[in-house]
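Given chain A, work out where chain B should sit, using these hints.
Number of protein chains: 2
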Amino acid sequence: MQEVSIGLLGLGTVGSGVIQILQQNASDIQNRCQTRIKVSKVLVRNLNAPRNIQGDFTLTDQVEDILADPQIHVVVEAMGGIEPARTYILEAFKNGKNVVTANKDLLAIHGHELLDAAKEAGKDLLFEASVAGGIPIIAALKQSLAGNKITEVLGIINGTTNYILTAMTEQGRDYQEVLEEAQMLGYAEADPSADVDGLDAARKLAILSSIAFNSRVTVNDVYVEGISKITAEDIAYARELDSTIKLLAVAKSQADGIEVRVHPAILPNTHPLASVNGVFNAIYLVGDAVGETMFYGRGAGSLPTGSAVVSDIIQVVRNLNTHSTANINCTCYNELPIKSEQDFKSAFYIRLRVKDEPRVLATLALLFAEASVSFASIIQKQKKRHEAEIVLVTHPSQESQLREALDSVRAYGKVLSIQNVIRFESGELNDE
Amino acid sequence: MQEVSIGLLGLGTVGSGVIQILQQNASDIQNRCQTRIKVSKVLVRNLNAPRNIQGDFTLTDQVEDILADPQIHVVVEAMGGIEPARTYILEAFKNGKNVVTANKDLLAIHGHELLDAAKEAGKDLLFEASVAGGIPIIAALKQSLAGNKITEVLGIINGTTNYILTAMTEQGRDYQEVLEEAQMLGYAEADPSADVDGLDAARKLAILSSIAFNSRVTVNDVYVEGISKITAEDIAYARELDSTIKLLAVAKSQADGIEVRVHPAILPNTHPLASVNGVFNAIYLVGDAVGETMFYGRGAGSLPTGSAVVSDIIQVVRNLNTHSTANINCTCYNELPIKSEQDFKSAFYIRLRVKDEPRVLATLALLFAEASVSFASIIQKQKKRHEAEIVLVTHPSQESQLREALDSVRAYGKVLSIQNVIRFESGELNDE
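These protein sequences, in sequence, are chains A and B.
Quick note: the first sequence, position 361, residue 361 per UniProt numbering, numbers continuous.
Quick note: the second sequence, position 184, residue 184 per UniProt numbering, numbers continuous.
So that you can see chain A by itself, here it is in the shape it has in the complex (with noise of 0.2 Å):
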């Protein structure tokens, strides 16, 4: 085709940067595809509000004038949220039209069906943008790692909670206000509870999955925890363990199921996720036949997030050239089941205060071990007078047994607190 026109649903961060990079580097793009590409349409909320943007583009408030427009063959879909766009995207299936999105959101809750009607429709579905924002972590996994059976996917993919861990540990300062001075330069929302409490990463992580698993993974299947329960002290102590602490995306294919949790989690510096710092993502994969390998980048904004849309509409415009739009689409061919939180397994960091008594290091040790868990690692330090604040590292150990561990251990007079019980990706499994 000489030209292909888009239509595109939003004018927000990701849609200005769809047409800031179509603009910019419309004669590379249209030499790559051998096609002009041209937004024709643009849906947005207020005909009237002021914008940055301009080109040779109709804005319009009425969906139908894209959706019902012959002329257009790919719409991508910018707004987010759940609805209008899931209905805006079946609509554009029915009409022939083929859609780029990058909205997590939707994905993680109904990508199945929105997958199917693409199927049925012969038209392709594109969402590299909806993870890691320019990061090409999908089709990597659709396409250039399809020879490998995936077992682990780590990823940092909430840049908002890695800024915030990052100037925790290089600051030395504590959760509460590094969130307020994130808010202030608009790196938190107001509202950061998506992003804090972990649901953002478990969005992305039901779709990365989904992907690499080939088994439908929801965001409902995610087991979900936020950051706000780091410390100063827990990091200082992260660092005496040659580690670093960051909001951790896991997912792990093994013989009894699938695990997908997000959470903190420390990491040993010698990962080479552990010096992914500040707003940067980052994607670490183990596949049977590839090994260890990572994708690293800007995991949102208006140019990044573009990038990969942009991308996405080159992928399409060549499958409409060669008439194979569709050739990949949904990949769940396995029903993997989901592994419950007390099957988990994983090391733990665990903070405790304890009366300073003879034995009681030793009554705990005997704790953990009735309940098959044993330690990697001991740090005990004086913290006043007849007080002692004690980390355990723990081997690798089934979530259930922690648990029991646990209940003895508060059960025990000469505790006076588990100040704090957070996951540690030794990667010790996972060691060849």
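Treat the hints with care, since some could be wrong.
[Said to hold, decoys possible] With a straight-line Cα cutoff of 20 Å, these simulated EDC-like cross-link-like pairs (lysine to aspartate or glutamate) come out:
| id | chain 1 | residue 1 | chain 2 | residue 2 |
| --- | --- | --- | --- | --- |
| 1 | A | K149 | B | D28 |
| 2 | B | K229 | B | E181 |
| 3 | B | K149 | B | E292 |
| 4 | B | K94 | B | E83 |
| 5 | B | K149 | A | D28 |
| 6 | A | K345 | A | D221 |
| 7 | B | K229 | B | D105 |
| 8 | A | K384 | A | E341 |
| 9 | B | K384 | B | E341 |
| 10 | A | K142 | B | D28 |
| 11 | B | K142 | A | D28 |
| 12 | A | K149 | A | D288 |
[As the list claims (entries may be wrong)] The following label-pair restraints were derived from C-beta to C-beta distances:
| id | chain 1 | residue 1 | chain 2 | residue 2 | range |
| --- | --- | --- | --- | --- | --- |
| 13 | A | A232 | B | L416 | 49 to 57 Å |
| 14 | B | S372 | A | N31 | 53 to 61 Å |
| 15 | A | K345 | B | G122 | 18 to 26 Å |
| 16 | A | K384 | B | E180 | 39 to 47 Å |
[To be verified] Heads up, incomplete: computed chain A residues facing chain B, CB under 8 Å, no partners named:
| id | residue |
| --- | --- |
| 17 | Y296 |
| 18 | G306 |
| 19 | S307 |
| 20 | I314 |
| 21 | N327 |
| 22 | K355 |
| 23 | P358 |
| 24 | L361 |
| 25 | A362 |
Hints are computed from structural coordinates only; laboratory data are not their basis.
A virtual CB, placed ideally from N, CA and C, is assigned to each residue, including glycine.
Coordinates of chain B only, in the frame set by chain A:
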């Protein structure tokens, strides 16, 4: 198609890896491309040599058995070397076959000819495995980052040299000693020159930069320096500068042309590439939309390289199923000038032995200033009586100016010797 037959040329490290992956992940691969992929014939030099790998394929020592077999749709070239690989691939296209190759030596010289032949035949020529083993960098450049203007590619793309430099850095040992150990362990070849002199990296960089900048670059265009001049002293000074020494493949696209060079470089430890150690490879890219991004993984080995070959095979099969082979072939639509050495611009580390007398440093500063080269940092140490060692790190300078400065320095009677000159990849030019 229900089944696609592969003809494999070569059953060495890469060929065996390809067969192993296709066997162990057969059912996943079939699900992912809706087609059974079967290696039907394998070209070997000696039919009677003992083999570690077995399967439902026929060994042959006659290439025509494969190239003339109408049942074979995809030829996988895993022989290496220029000839006869080039002739076999050209004949495969003439016979209507698609080709997947891992052959960097061939592509870095004859890539354009082969891509032209593929285009004429309307067939695919895919070569993900030719650069950085299992890391999907070719697909990223051709597809996932296709909306970007790539301005910079920095790569650690030779595992042997990275292993040697990492061991020198971690153990404080000297080049020759570590090289010999690497040879004993099989990480370096008996004749290590292609690796340690930078030629292997230069071949991969020619392929990478052709695709990144959409302009033809061959291995002969690449400026190359190897690592044999790096000493334990240089590595110790790099550490004092919070930096590390890597064999870096550098490609930059600037208004006046492309810079392509392979040489040892000092990198600040804050750079994402600085912590890529041992046999791992990584490619760091800057695109105008995506910003900084990095791809990390194993750059060699039977299974990682096999992973890339198999993903290419799956791509060809998907294209066969949708009648869309040859949807992306040569993308060199630009003809950008290649800059010559004296126009390169970078910062430099210069290590000098001087007479320990008053005003020597002042005179040196003056000599550099006359050539318009200024210093970013200086280390001076007493070495023995009347002799000092000075390490100068310059601001980014034109290479021709640096040489002019070094000529004056060499002529200056108080300078006993110029111990080493190493480029310093400060990233300063690219800072936002």
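How the hints compare with the structure:
1. K149/A with D28/B: Satisfied, since the Cα-Cα distance of roughly 8 Å is no more than 20 Å.
2. K229/B with E181/B: With a Cα-Cα distance of about 18 Å, the restraint between K229/B and E181/B holds, given a limit of 20 Å.
3. K149/B with E292/B: With a Cα-Cα distance of about 12 Å, the restraint between K149/B and E292/B holds, given a limit of 20 Å.
4. K94/B with E83/B: Holds, because 17 Å separates the two Cα atoms, which is no more than 20 Å.
5. K149/B with D28/A: 8 Å, holds
6. K345/A with D221/A: With a Cα-Cα distance of about 17 Å, the restraint between K345/A and D221/A holds, given a limit of 20 Å.
7. K229/B with D105/B: The hint is violated at about 25 Å.
8. K384/A with E341/A: 36 Å, violated
9. K384/B with E341/B: 36 Å, violated
10. K142/A with D28/B: Holds. K142/A to D28/B sits at ~12 Å (cutoff 20 Å).
11. K142/B with D28/A: Given that 20 Å is the threshold and the Cα spacing comes to 12 Å, the pair holds.
12. K149/A with D288/A: At roughly 5 Å apart (the allowed maximum being 20 Å), D288/A and K149/A satisfy the hint.
13. A232/A with L416/B: 49 to 57 Å: Once the Cβ atoms are compared, 52 Å apart, the range 49 to 57 Å for L416/B and A232/A holds.
14. S372/B with N31/A: 53 to 61 Å: Check failed, 38 Å falls outside 53 to 61 Å.
15. K345/A with G122/B: 18 to 26 Å: Since K345/A and G122/B have Cβ atoms about 51 Å apart, the given range 18 to 26 Å is violated.
16. K384/A with E180/B: 39 to 47 Å: 57 Å, violated
17. Y296: It holds, given that the least Cβ distance between Y296/A and chain B is near 4 Å, below 8 Å.
18. G306: Status holds, d = 6 Å.
19. S307: 4 Å, holds
20. I314: 5 Å, holds
21. N327: Because about 5 Å separates N327/A from the closest Cβ in chain B, which is inside the 8 Å limit, the hint holds.
22. K355: 42 Å, violated
23. P358: With a minimum Cβ separation of about 42 Å from chain B (threshold 8 Å), the hint on P358/A is violated.
24. L361: Interface hint status for L361/A: violated (35 Å vs cutoff 8 Å).
25. A362: 38 Å, violated
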